[in-house]
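**Student:** Chain by chain, the residues:
Number of protein chains: 2
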Amino acid sequence: MNAPRPTPDAVPHAQLTAADRFARLGRRGCTVWLTGIPASGKTTIARALEDALLAAGTPCIVLDGDTLRHGLNAGLDFSNEGRAEAVRRAGEAALLIAESGSTAVVSMVSPTAADRALVHSRHMKASLAFHEVFVDAPVRVAESRDPKGHYARARSGDLPSFTGVSAPYEAPTAPALHLRTDRASVHECVDAIRALLKP
Amino acid sequence: MNAPRPTPDAVPHAQLTAADRFARLGRRGCTVWLTGIPASGKTTIARALEDALLAAGTPCIVLDGDTLRHGLNAGLDFSNEGRAEAVRRAGEAALLIAESGSTAVVSMVSPTAADRALVHSRHMKASLAFHEVFVDAPVRVAESRDPKGHYARARSGDLPSFTGVSAPYEAPTAPALHLRTDRASVHECVDAIRALLKP
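So the protein lines, in turn, are chains A and B.
In terms of my numbering, the first sequence opens at residue 1 and continues consecutively.
In terms of my numbering, the second sequence opens at residue 1 and continues consecutively.
Quick caveat, the hints were computed from the structure, so don't treat them as lab data.
Any given hint could turn out to be false.
Note that the list lumps identical chains together, so a pair holds whenever it fits in one copy or between two copies.
Listed next, the in silico SDA-like pairs over lysine to any residue satisfying Cα-Cα at most 25 Å (straight line) [unchecked claim]: (1) K125 / A152; (2) K198 / T58; (3) K198 / A174; (4) K198 / G57; (5) K125 / S144; (6) K148 / T58; (7) K148 / A171; (8) K148 / L76; (9) K148 / E170; (10) K148 / R24; (11) K125 / D51; (12) K198 / F162; (13) K125 / T67; (14) K125 / D66; (15) K125 / R153; (16) K125 / L196; (17) K198 / R180; (18) K125 / Q15; (19) K198 / R27; (20) K198 / L54; (21) K148 / P175; (22) K148 / H70; (23) K148 / T17; (24) K198 / S156; (25) K148 / L16; (26) K148 / H120; (27) K198 / R24; (28) K148 / T173; (29) K198 / R155; (30) K125 / G75.
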């Protein structure tokens, strides 16, 4: 091997902590995690929250469980393992978004407490705020909405692993916020979340 | 089923386009994709670019291939399939970060043109800027740096799939920028990338 030229300016750049980055940006990123049974109102609230945050100049992005299945989570099925991996990847993406200084608004059924706890702990390790929001409505109310016709299909046995009908949903025991979308308006729900995000 | 209460304010919120979001934020997100053989200087440049962008108030985050293997890409191996999936997931995460209005700086060997082209096309479909930057140094120079001792291990046969030694690297044929890190300083490389990002 010939004598190589020295590496120019090979000063190692240590990875910034989230706190360093936020101090330099003058803004903190975080993750808002909306969990609940299908048609409980997660995506409606996520989109309204996004509108409100953008109007206030806060960069944000909605990670919607259905949409992610066309991208980051493509190829995963609805088995327990497939769902766990979908939640894990969404959590890792949200973590990176939060770390960059934006607000990640995740809208996913994410039916198991263990999967959500794992995402929460990953955020804690990175010193990033993680707000678990339980978007709650009685099954009969969610079923009456049924915008995609999934409840009807689940009742007919067509969807063998549908959360709330043919698969369990583990409600959060200590969410940062518990919203009842059969009682509160979308506007009230968004205001409650925004109050949570105030420094 | 009892008569359900009507869904309050169930106004559908259409997904914002990236252009809508950027107009409202007054800032455009994008992805800078640094590709090159191991020890070509990708991560050094990524960290220096991050410093410069943050100093200018531009939110950004480095997605480093090695670091991602502890999170989003955990469990993937170094087979062709494992590498392709690692690049795909990094690309999807970068896309979401760019869409949120931040700059995603990806630092990954990403040895195949096809895997990089797939990420590029995903960005194009979402109307998001994707800047492929070829971080280039001769193998002998990269090997002389060898900060992790990987080249030495690859030469000894210890790493059977090491890009540049025991696995191929497909150089970009039309990168947005071609940096020669054996000739240009880190500062010069960062300036060249920043010029690319100017509106």
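**Student:** Check each numbered hint against the structure and report the violated ones by number, ascending.
**Tutor:** Violated: hints 1, 5, 6, 10, 12, 15, 21, 24, 26, 28, 29.
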